[in-house]
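Let the sequences and hints guide you as you build the complete structure.
Following the working numbering from start to finish, the sequence shown increments by one per residue and tops out at 244.
Since the hints were made in silico from the structure, they are not lab data. From a predicted model like this one, the values you see are computed outputs, not experimental measurements. We put the beta carbon where it would ideally sit given N, CA and C, even for glycine. Careful, some of the hints might be misleading.
To be verified - With beta-carbon atoms standing in for the labels, derived distance ranges:
(1) Leu-194 <-> Phe-215: 43 to 49 Å
(2) Arg-199 <-> Glu-222: 37 to 43 Å
(3) Asp-136 <-> Glu-197: 23 to 29 Å
(4) Asp-214 <-> Glu-188: 22 to 28 Å
(5) Thr-220 <-> Leu-189: 26 to 32 Å
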Amino acid sequence: MVGDNLITVLGNKYNTDILTATGDAMSAQDLSDELDVPIATCYRRINELEEADLLELHDRPLSDEHRRVKVYRRKVDGVEVDFRDGLTVEVEERSAVKNRLDDVWRDLSSSK
Numbered sequence: 133m134v135g136d137n138l139i140t141v142l143g144n145k146y147n148t149d150i151l152t153a154t155g156d157a158m159s160a161q162d163l164s165d166e167l168d169v170p171i172a173t174c175y176r177r178i179n180e181l182e183e184a185d186l187l188e189l190h191d192r193p194l195s196d197e198h199r200r201v202k203v204y205r206r207k208v209d210g211v212e213v214d215f216r217d218g219l220t221v222e223v224e225e226r227s228a229v230k231n232r233l234d235d236v237w238r239d240l241s242s243s244k
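The following block contains the structure:
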């Protein structure tokens, strides 16, 4: 059943584009602008991807206007779907090394 839900989420318009774009952390507004997705739709898709445990809130940096902005990053590097012997879905989670490197880079960037 989890595989069916995951396929449904991945089949929704814009979700795979959002996952592809969030290899690096991005805000909803940046995703909306880059992918040409209406902002309300972008927020709905972000929520859907978070509920499916494919996307996470990565940070809340200060914007140039001194407001907190939520930035999101994908939690997975790949999803493999196989239909040969019944439905099989394998999720390749983002490696701990990539997560740690992102955290170090974020800390260095915010200390400037």
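Against the structure, the hints:
1. A hinted range of 43 to 49 Å for the beta carbons of Leu-194 and Phe-215 is consistent with their spacing of about 46 Å.
2. Between Arg-199 and Glu-222, the C-beta spacing of about 39 Å keeps the proposed range 37 to 43 Å intact.
3. Take Asp-136 and Glu-197: their Cβ atoms lie about 42 Å apart, and the range 23 to 29 Å is violated.
4. Distance hint for Asp-214 and Glu-188: a CB-CB separation of about 26 Å, consistent with the stated range 22 to 28 Å.
5. In this structure the hint that Thr-220 and Leu-189 lie 26 to 32 Å apart at CB holds, the actual value being about 29 Å.
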